[in-house]
Every structure is written in structure tokens, then in C-alpha cells.
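A.B. asks: Just so you know, the protein sequences line up as chains A and B, in that order. For the first sequence, the UniProt record's numbering gives the first residue as 1, with consecutive numbering after it. For the second sequence, the UniProt record's numbering gives the first residue as 1, with consecutive numbering after it.
I should point out that these hints are in silico values taken from the structure, not numbers from a laboratory. A couple of the hints might just be wrong.
[Said to hold, decoys possible] In silico BS3-like cross-links for lysine-lysine, where the CA-CA straight-line distance does not exceed 27 Å:
{"id": "1", "chain 1": "B", "residue 1": "K364", "chain 2": "A", "residue 2": "K172"}
{"id": "2", "chain 1": "A", "residue 1": "K126", "chain 2": "B", "residue 2": "K309"}
{"id": "3", "chain 1": "A", "residue 1": "K307", "chain 2": "B", "residue 2": "K126"}
On a predicted model such as this, the values are computed, not experimentally measured, just so you know.
2 protein chains.
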Amino acid sequence: MNSINHSRRSLLTTTGGAIGLASIGAIGSLTPAAKALAAAQDEKKKIDLPAYASWKNADSLIIHSANTMETKRNAFGSGVITPLDRLFVRNNISPPSEDIVADPDVWQLQIEGVKNPVTISVAELKTLGVTTVAMVLQCSGNGRAYFPSKPSGTQWTVGAAGCVMFTGVPVKAVLEHVGGMNADAKYMTGTGGEPIPEGLDPNTIQVERSVPLEGIENALLAWEINGEPLPLAHGGPLRLIVPGYTGVNNVKYIKRLAFTTEQSAANIQQTGYRLAPQGEKGAPTQKSVWEMPVKSWITHPGEPDAKLKAGNLQIQGLAMGGTSEVTGVEVSVDGGKTWKKAEFTGPDLGPFAWRQFVLPVNLKAGTYTLASRATNKAGDEQPAERLENNRGYLNNSWNDHALTITVA
Amino acid sequence: MNSINHSRRSLLTTTGGAIGLASIGAIGSLTPAAKALAAAQDEKKKIDLPAYASWKNADSLIIHSANTMETKRNAFGSGVITPLDRLFVRNNISPPSEDIVADPDVWQLQIEGVKNPVTISVAELKTLGVTTVAMVLQCSGNGRAYFPSKPSGTQWTVGAAGCVMFTGVPVKAVLEHVGGMNADAKYMTGTGGEPIPEGLDPNTIQVERSVPLEGIENALLAWEINGEPLPLAHGGPLRLIVPGYTGVNNVKYIKRLAFTTEQSAANIQQTGYRLAPQGEKGAPTQKSVWEMPVKSWITHPGEPDAKLKAGNLQIQGLAMGGTSEVTGVEVSVDGGKTWKKAEFTGPDLGPFAWRQFVLPVNLKAGTYTLASRATNKAGDEQPAERLENNRGYLNNSWNDHALTITVA
Chain A
1 MNSINHSRRS LLTTTGGAIG LASIGAIGSL TPAAKALAAA QDEKKKIDLP
51 AYASWKNADS LIIHSANTME TKRNAFGSGV ITPLDRLFVR NNISPPSEDI
101 VADPDVWQLQ IEGVKNPVTI SVAELKTLGV TTVAMVLQCS GNGRAYFPSK
151 PSGTQWTVGA AGCVMFTGVP VKAVLEHVGG MNADAKYMTG TGGEPIPEGL
201 DPNTIQVERS VPLEGIENAL LAWEINGEPL PLAHGGPLRL IVPGYTGVNN
251 VKYIKRLAFT TEQSAANIQQ TGYRLAPQGE KGAPTQKSVW EMPVKSWITH
301 PGEPDAKLKA GNLQIQGLAM GGTSEVTGVE VSVDGGKTWK KAEFTGPDLG
351 PFAWRQFVLP VNLKAGTYTL ASRATNKAGD EQPAERLENN RGYLNNSWND
401 HALTITVA
Chain B
1 MNSINHSRRS LLTTTGGAIG LASIGAIGSL TPAAKALAAA QDEKKKIDLP
51 AYASWKNADS LIIHSANTME TKRNAFGSGV ITPLDRLFVR NNISPPSEDI
101 VADPDVWQLQ IEGVKNPVTI SVAELKTLGV TTVAMVLQCS GNGRAYFPSK
151 PSGTQWTVGA AGCVMFTGVP VKAVLEHVGG MNADAKYMTG TGGEPIPEGL
201 DPNTIQVERS VPLEGIENAL LAWEINGEPL PLAHGGPLRL IVPGYTGVNN
251 VKYIKRLAFT TEQSAANIQQ TGYRLAPQGE KGAPTQKSVW EMPVKSWITH
301 PGEPDAKLKA GNLQIQGLAM GGTSEVTGVE VSVDGGKTWK KAEFTGPDLG
351 PFAWRQFVLP VNLKAGTYTL ASRATNKAGD EQPAERLENN RGYLNNSWND
401 HALTITVA
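In isolation and in its complexed conformation, chain A is listed as follows:
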């Protein structure tokens, strides 16, 4: 599992942690021993793209680990849909063997908690209906790096998110095929196909998530992403898609879809992905991390501390509404003291997609703090401050996502 494909590996330096050798300005003044130490530390921080993601564009990614890679802020283009080779990857545990995507049509899904339970292949699912949804896929912990409390977990900045198109069969069409769900069902529960090591209680690591029945309305069982067969790195051969809900609820390599009276007994549902107060552990009594809130961030200029020429500048960014369509976005160049309405550009891909925005400005030499704040159709406004929680979920603070540029 996660063996490295040496013929295609890309060596990269991670951006987290200590400053790398190349960025030590005064390197000439180091002793040879200190230089060797610095070089050794740099070497340690080089991380390979794992084999299952070896086809990714490494230059566009911050590689945190073999299971966690995010898109760099300046690698989001202006084309609405995130190119697949720049899309973030986040696996809770190691993915199954690449073998399972060799012939996607033979993958089997058990359907339970319905009138006529069945085991059905992807080939059969493809005969039941097909549709495409454009939507934001975002890790629950995106923006965690900005929590001053430094919650444990991957230190995502803005890039554990992308806007993609999933194609598959609507869950509603599948439900019709199996005679409808049981009358007492309260949740849709998806079970991931990751192998569970022998002797382990599955509940300790099984990726199994439950979402409320409202999630069914737009849900898909998807075999395609951005017009390509769904790769293993993104949950192929079959993934449960729940538009508007955070990444973890979109269960990869789904092997079982059940309509249940209770939430999953797996730790990842019972105590994981809960909005626990700071310093407290997750518990079933707390709110589960399901729907995404309204959010936006600036992508161009996408470098914190970028140095730019005085004059005209097109400030660009992304804005998403969560479970309700994004309706507007404002931009500030003074850290949130004053705001101007930005314009959406490019095609509108529907309520679950993000929109690109632009604000043309003319800046004199100086230092500017750029921020953006979005609103959605439900009337939610992107807040100045994050919702504090123990594990650093759902950060949509515009203040946290601001960046400083220098214009010369």
C-alpha cells in the first residue's frame, strides 16, 4: 500500500515546518557542519507523491503526506472547474489496491435498508440513470492551519477544496429501483471499501458516514469526475456524492449504501468529525460535520507577501455558498475596513459550484491586506471570525483567509 512508483516520483519540499536550506539567506556564513545539518533536514522534508496519485501535478500541490495533498493558493486557475491533476487528495486511511479501478463496471455495491435489498454492479447502476453535478468538494478541515489553537490534523490552508463535476446515477433513481427505503430510515449511511487489517475492530478505522435524509435529494453514486473515469485517488470506481456536504461524507470506494435508523457506529461518525468545544473530545451529542458554510478566498495574487507593480490589478478569487447558492462577494484591500462589490465572471455551474470573482483595482506603492466575504441565497454572510472548535473544522473566517501584498 502506498508504495512509491519510482519511475514517476516527484520530489518536493513541504511547505510546513522549518525553513528549508534554499530559503536560508545567510547560508554563506554557516559552518560546513551546520550546512550539512541543514541539508539533511531539507532532505527529510522531501515527500514523494504516492503511487496512486503519481499522475498529479506536483508543482501545484503542497504534499503534507501520502494521504494528504492540497492545491496551492496560486494554482487555482480562473476556469471554475479545478483540473484533476491539481485537485486535493485526502484519505482517512490508506486506499484500496489500484486493481479495483481496472474494470470499474464489475465493482459491487450492497444496498440495504430498502424494500428489496440487492447487490448491484456499477454496470447495472449505469443503466438506471445518469446525471452530472458541478460542486465544491472540500475537506472538513480546510483552513485548519489558521486556527490559533493549532488543532491536531493536517494543517490545510485554502487548498483542500476544488470545484469538480461528478457524473453518476441519482440515489433517488436507485431507490426507485429497489422499491424505496424503509419507513423508519433516518440516515443514509455509506461504507468505504478500504481494507480493514485483520484483528482490528472495524469501528476503530472503518470509513463509514451517515448523513440526514435531506442529503439524498441531490446525492449521486458517481463513476466519473471531470469527464474522466473516477481515479482511485478520488474514490473510484464508485463514490457516494452528497453535494453541499464536506468531503468525508462523500464516501470513497463505496461498497455498502444503507438507509438506517441510527448513525453509523464507527468512530469516524460517533466521535470523529464533531464540532467539539475547544479542549474537549468529540462525542455523539455534538453537532456532526455535515453541511459546508458560505466561504470565499482570494486566489490572485495568490502568494502571501507577493510583490507587485503599482497600477492596475485584477483581484480574483473563489466564492461558494455551501448548501445554498452564492449570491455575492465583496473585496477589501484594507484588511476589512472598507469593502467593494466584486463581479462574478465565467459560467454559473449551479448552486453547489463555486463562482469566480474579480475586482479591478488601481493600487499605489504600499502594503495591502486583501480579504473577501461572500453571501448566499439563504442570507448567510461569511463571518469575520472562525467558529472555534477542538479539531479545527469548517473555517470560513474572512479574516483568517486574508493575505498581505506589497506593491512597489
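Model the placement of chain B on the given structure of chain A, informed by the hints.
C.D. replies: Frame of chain A, contents of chain B only:
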């Protein structure tokens, strides 16, 4: 130019021409000499992806030559936007050196036929405005292979087309920056940056196209495609984009944009890309190939003579309106005797994009001829027959694009 990148080349067998070795059923009955001959013929038909397109997904493409590659009919996904590595390539002459996309921002564009002529860099263009358009990019000769008259030129079937997103500055914003076009201008003329061999009259091979002023309304100077920097294979660092117009009018590596009283004197404008009557040469008096007509084709099942199981089948395809939004599409399973209205699926990316459609059918064992016909907002209907012309341009015949399947 077009040297092969041996570390990444993909050897493929072209689909045109004689039947390959692998498809000779009775190979066991051939003499050793005949086998050797067949193997040598197969070898000859293997074509490398050229270096500038070595990053393409070779399995998704029919490689006609180093300058002409089309997407296979069954490689169009259901995700509206064509993935870049599956998008067709068509160059009229060999592209410039890959060096020109190393730092796109330094590329220079001359602007003429305006109040204040300038030479401007891509970096400067980026300060003038930015927008994104989703649109069909289609070669003028797409569908040429279906002309019974066998016109000369690449024998494109359906795949010299894709739906992509271009990002750049509106030509109108650039015109505002240079004080507007000359009052006597009748055409927007773009000149490609391909190198012209010494001693040749540039007019004989220069890619220089003129379009009527109506084309300006939605035109861009683009530096990005599908969220990525525009690669050389698709006209990077800068391409003129005229939504609704055939590929050749979207001038690659654009080095000069002029607002002119006359059409370009280049052969490609004067006699090339003209709707000449069959058997006649192109001439300036004939209609130039500019706007695309309404068109559709089926993509799933995407194999001519595909063998399928009786029962439910989701017939899928693509429909485009040309310069007017596509509004509907009908599907026939009996070669056009009867028609049923198909449904559009997935996001609507605007008037210049294509739409995905689906018609669920239940088919008994037998042979079926599948066809689709689209209509647009302007009231144009996709015709049964092609418009005959000497070079095989603008084929939108639904009859020509039909395909036969066998259900067992």
C-alpha cells in the same frame, strides 16, 4: 520542430487506413512472409504523440499526424468540459518552439488599426480585465470523414471538437485601452506566431485569419484553458478566442491583432477555408468558414457496431447551438424514422458551450441505428444531410453522424 520526446512517447496504431495485424482474424492461416508484411505495415502505422503534445492521453485519441489528433467518440465523458489531455489538436503548420510558453507573461502582441497602436505584453494584458467563457472549440473540417466525396484533408470523424473554458481579457477591454478601432475597420485580423521559413512568401503559409466585427462582441485574448496556463499545443502563451467560430479563426500564438478594412491577404483567408462547390477551388468570392452551425452526436454507446445487453440503456450525447444557444435535442433509435425528446443533464455553461443529453431506452435484442438532431434558439434545426462543399467543412448532418449498435 516536432522532435519526439522519447522518454514519454506513446506508440499507437492509427485507426484510418488498412486493417491492423491485431484485427486480422485468420492470422494463423497466413504464410510467414505474409505475417511479416502485415507486421511491417502495422509498424508503419504507429504514430508517436509529438513532443509538444506528449502529455496527452494517447488512449483517448486518434492520432492522424503530428499536427492532427482527435478525441475518440467513446472518450467524451459526461462532464460537459473536455479534459485537456483528451482535447483534439490541429495545427495548420508546425507550432513555434516550446520556449515561448516558459514565461507566458513576456509574450508580446502588436495591436494595429486602432487609435493608439501598441505592442503589449501578456503581463500588461492581464491588468486590463479578466473573464472566462465556456465554449465549443471545433475544427472546420470535423466530420469530413463522412463526406462520400472524400475531400482532401484530415479525415476527422466526431472528435475534432471539445467544450473548454478559456480565460483571458475581453477584446473590447483591450480596444478601450488603445482608444478604439479605426472607423473604417471591417474585420478583426489575427496573425499566428508560427515561424515562417526564410525565403518563403509568408502569405503562402502564414496562419492569419480575419473575422467580421460581430465576432468582437465575445472575443478574448486568452492565456488559460480549463484552469491551466494555455499549453503550446492549444495556442499558448496567447490565443485569440472567437466564441461560436470554427477553430482556425481562434488564432494560436497570436503576435498581431489588427482591425482592418480588408480580409487578410494570406492564402488561408483568401482561398483556404472557403465553402467552394464540389470540384472547385476556394476563392475570395465564396463564403468564408466562420460561424459553426447547430450540431449534435451520440457519445454513449460510443462505438460504432458496439455489442450491448438487451434491457435498459442510457443513450448519451453532446449538442451545440453554434452561435446561438442549443435549446433541444431529439434521439432516434431507428435511423431517423421516429424521434424522442432527450433531456439535457448537468450544468448549462452558456450559449457557446455544448450540453450533455440523455435518453433512457429499453431495447430488445436487435440492431439499432442511433441518431440525434439538435435545434438552437435562432430556430436552426440540425439537417439530415451535409452541405456539400469541396473541402468537407461544417458537416452537421445527423444522418452522417448516426451509428449502429447490436443488442443481444
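A.B. asks: Hint by hint, say whether it matches the structure.
C.D. replies: Here is how each hint holds up against the structure:
With a C-alpha separation of about 26 Å, the suggested pairing of B:K364 with A:K172 holds against the 27 Å cut-off. Using a Cα cut-off of 27 Å, the hinted pair A:K126 and B:K309 holds, with the two alpha carbons roughly 12 Å apart. Under the criterion of a C-alpha separation no larger than 27 Å, the hint pairing A:K307 with B:K126 is consistent with the structure, at around 16 Å.
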